[in-house]
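Colleague: Construct all of the structure, not just a fragment, from the sequences and the given hints.
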Amino acid sequence: MATEVVGAVALRKALKQYAPDLAKELTKELGLVLKPITNEARSYVPLASPMSGWSKRESSKGGRFPKYDAAEIRRNIVYKTTPSKPNRAGFVNVVRIQNKSMQGAIYETAGRKNGQGQDWVGPRAGGASKGVSRSNNPYAGNQFISNLGQLYGPNKKGDHRMMGRLIFRAWAKTQGKANAAVFKSIENTTTKFNRRTAMVDVRRAA
Amino acid sequence: MSNVAINIAAEFLGKRAFKQADTATAKLTKSVKTLAGAFGLAFGVRGASLAVRAFAEDDKAARALGQTLNNLGLAYGSNAGTINGYISRLEQQTGVLDDELRPAMDRFLRATLSVTKSQELLNLALDISAGTGKSLTQVSQSLQKAYLGQNQALGRLGVGLSKAELTSSSFEEIQQRLNVLFAGQSVVAANTYAGEIAKLQVAVNNAKETIGKGFVDALKTASGSSTIDPVINGIGKIANAFAALTRETGEFIAITKSLFDPKNFFVMNNPAGSFKGMGNISISKSSQDTQKADAAAAKAAAAQVKSTNALTKSTKENLKLSKAKAIFDLQKIQIEAALKGKISEEDRIRLLLMKAIEDENISQIEKYTKMLDEAQKNTEKLVSTLAGIKPLDDIFKNFNFMSVKEQLASLTTYFNNFAGSAASAFNALNQQQQAALGGYKPFVGASIPSVAPTNPSMPSSVGLGTSGTGNQVPAGVTINVNTGVGDPNAIAEAIENVLVEANYRGTLRGLIAV
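Residue numbers (numbering that gives the first Met the number 0), protein chains in the order written: chain A, 0 to 205; chain B, 0 to 513.
Warning: the hint list may mix true and false statements.
[Stated by the list, open to error] Here are the simulated DSS-like pairs of lysine-lysine, each with C-alpha atoms no more than 30 Å apart in a straight line: (1) B:Lys198 <-> A:Lys12; (2) B:Lys29 <-> B:Lys198; (3) A:Lys12 <-> B:Lys133; (4) A:Lys15 <-> B:Lys322; (5) A:Lys79 <-> A:Lys176; (6) A:Lys191 <-> B:Lys322; (7) B:Lys369 <-> B:Lys322.
[To be verified] Far from chain B, some chain A residues (derived; all Cβ distances over 12 Å): (8) Gly6; (9) Lys66; (10) Arg95; (11) Thr108; (12) Gly114; (13) Ser145.
Rather than coming from a laboratory, the hints here were simulated on the basis of the structure.
As the structure is a prediction and not an experimental result, all values here were calculated from the model.
We put the beta carbon where it would ideally sit given N, CA and C, even for glycine.
Modeller: Quick look at the structure:
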């Protein structure tokens with residue numbers, strides 16, 4: 000879960016406008032913390048598809064379910080330090096690690112909501128619900144999830160949103176140290192900026 | 000793109016914006032409701048009461064402003080009407096009620112003594128009020144204080160001027176800066192939707208006041224009352240009795256018929272209908288009347304300044320003259336010199352009193368007179384106390400003292416005699432006897448405290464004899480005692496030593512216990 004930082008967006012704007020060097024410094028410091036995590040997350044991406052049927056073939060023309068592509072997944076594991084658009088709750092994310100690709104998201108989160116796969120209804124079942132398996136194989140979901148491997152991260156009862164196989168696994172491994180380092184960097188920069196602006200105020204007053 | 004992400008730091012921004020929008024909407028809704036209420040109430044009995052009250056308040060404010068003009072000597076020509084017309088137009092243009100504008104104008108007039116300057120400041124206050132969101136009353140108070148030299152009051156408005164700027168700049172400089180910072184704010188605010196609503200509200204208020212004036216005039220005519228207050232108090236009763244007194248109020252309705260003419264509801268200009276000179280002045284440009292008023296006020300102010308300056312100059316000159324006189328005042332010089340010398344406390348007070356008399360300083364004179372009285376009383380008290388003390392009696396007058404010299408002489412004589420006897424006794428011995436005594440020459444210095452000085456003769460048994468133990472001195476031995484210089488203590492000590500030694504030797508027996 001994200002920690003709320005009041006004034007983070009304003010700080011970033013102020014830094015860009017009045018202290019570009021500090022803005023760069025902050026980005027660099029955050030990079031030093033976040034880059035190893037994304038690198039580690041990338042290292043968890045299997046080179047080959049966990050299931051033969053999911054692998055990308057030369058002849059495949061794509062489809063609704065994206066084919067496994069390790070390079071694509073790795074390329075889309077990134078960190079961002081620019082403010083996002085506000086979400087529905089009104090929060091703007093300032094620092095985040097993303098797994099942007101569709102394949103990566105599937106590999107990351109499959110089985111998080113239902114460890115045994117979705118309920119099987121078969122291909123002939125009516126309705127348009129997406130919350131059920133319509134595969135020919137009644138165990139397709141179960142087999143898919145078990146082939147992807149274990150989920151990592153805090154296993155809270157009824158809340159598995161912080162569990163995953165790539166970025167969440169790498170994040171869990173830091174045991175909160177990275178989180179603390181991020182806030183420390185922001186705090187340090189804020190202090191530096193405030194000191195600098197205070198000096199400007201003093202000069203102005205003088 | 001998927002939405003799989005670890006959000007490390009986030010900030011809550013969205014809801015705040017919603018809240019601001021909500022607040023703005025709520026304000027707008029309130030304004031609309033108030034407006035609608037005002038329209039509705041204008042037609043009811045309570046509305047009539049409110050209309051009368053509104054007129055009364057407006058009339059009171061207008062009269063207060065008129066009185067201020069009278070007090071300041073600006074109430075000549077069509078000044079009062081000009082200012083009221085200016086305020087009315089300002090009210091319609093900006094949507095700010097005259098209830099606020101009149102006190103603000105009043106405040107500025109009292110501070111500046113100039114109609115033109117007051118108009119300038121009122122325009123500026125409206126701009127600042129629109130720009131900062133502060134009330135016109137607050138802004139006008141701050142501007143008035145700043146005009147009178149308290150620039151810090153502007154700092155609290157948050158107008159974007161630093162403390163240093165406020166401290167170091169003159170009011171004209173600050174005004175110039177504020178004109179730049181808040182230029183056109185009131186016009187922009189007046190042209191917004193909220194501003195339009197406010198303008199509408201102003202129109203309704205003016206209509207209420209007009210209606211109220213109609214009511215008051217009608218009631219005055221009907222009841223013969225000459226003031227508004229009894230009418231306001233009685234209007235509720237009149238309203239309750241309205242239905243029952245249809246016949247009696249027929250005349251009243253006939254008189255107030257014009258009140259219900261729709262054109263009177265939206266009269267925006269000339270609400271009271273009694274002011275003169277309205278409409279011949281714009282916000283930014285003064286009329287000839289105003290210019291005349293300003294010129295007269297400036298002339299009066301200049302005359303006052305000139306008079307004050309002359310008075311100040313005269314006071315300063317007098318002060319200088321008195322100082323110069325003081326330099327050559329010998330009496331004062333002498334007093335000052337005397338004060339620097341070593342004098343008693345009473346003398347010091349006397350001198351200070353003299354100095355105060357010379358300076359004609361009444362408070363100092365009273366102070367030192369009081370102190371001198373007190374000092375004199377203390378002196379008298381001391382004198383009387385000293386006079387009451389009797390001389391001491393000579394308690395030693397009956398004492399018979401022997402002088403130390405006489406005592407020493409007596410002692411010397413005694414010991415000389417004693418030493419001579421002892422020595423002659425020893426010397427009288429033959430050599431064998433002296434040898435038998437071991438050649439011993441005793442008694443070099445002796446003291447016999449128990450022997451009275453009046454009895455210088457040596458007892459026959461003292462250390463000398465033929466019986467007893469030890470070396471005995473034969474009869475006729477002379478013992479010399481060296482008595483020293485004459486110090487009684489030394490002599491006594493020497494005698495004591497001799498006797499002790501004689502005792503040790505066994506030659507002393509019986510007479511003196513050692």
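Colleague: Given the hint that Lys198 (chain B) pairs with Lys12 (chain A), does the C-alpha gap stay at or below 30 Å?
Modeller: violated, 39 Å
Colleague: CA of Lys369 (chain B) to CA of Lys322 (chain B), is that 30 Å or under?
Modeller: holds, 28 Å
Colleague: Take a quick look at whether Lys29 (chain B) and Lys198 (chain B) sit within 30 Å of each other, Cα to Cα.
Modeller: holds, 15 Å
Colleague: Just want to verify: Gly114 (chain A) was marked as not at the interface with chain B; is every Cβ pair farther apart than 12 Å?
Modeller: holds, 18 Å
Colleague: Taking the minimum C-beta separation from Lys66 (chain A) to chain B, is that value above 12 Å?
Modeller: At about 15 Å from chain B, Lys66 (chain A) clears the 12 Å cut-off, so the statement holds.
Colleague: Taken at face value, is the distance from the CA of Lys322 (chain B) to the CA of Lys191 (chain A) at most 30 Å?
Modeller: violated, 62 Å
Colleague: Assess, step by step, whether the Cα of Lys79 (chain A) is no farther than 30 Å from the Cα of Lys176 (chain A), and give holds or violated.
Modeller: holds, 18 Å
Colleague: At 12 Å, judged by beta carbons, does Thr108 (chain A) keep clear of chain B as stated?
Modeller: violated, 6 Å
Colleague: Would the hint linking Lys12 (chain A) and Lys133 (chain B) be met if the CA-CA limit is 30 Å?
Modeller: holds, 28 Å
Colleague: Beyond 12 Å on every Cβ pair: is that true for Arg95 (chain A) relative to chain B?
Modeller: violated, 5 Å
Colleague: Measure nothing beyond the straight line between the CA atoms of Lys15 (chain A) and Lys322 (chain B); if it is 30 Å or shorter, mark the hint as holding.
Modeller: Not OK: Lys15 (chain A) and Lys322 (chain B) at ~68 Å, beyond 30 Å, violated.
Colleague: Does the no-contact call for Ser145 (chain A) survive, Cβ to all of chain B over 12 Å?
Modeller: holds, 21 Å
Hints 1, 4, 6, 8, 10 and 11, counting from the list given before, are not met by this structure.
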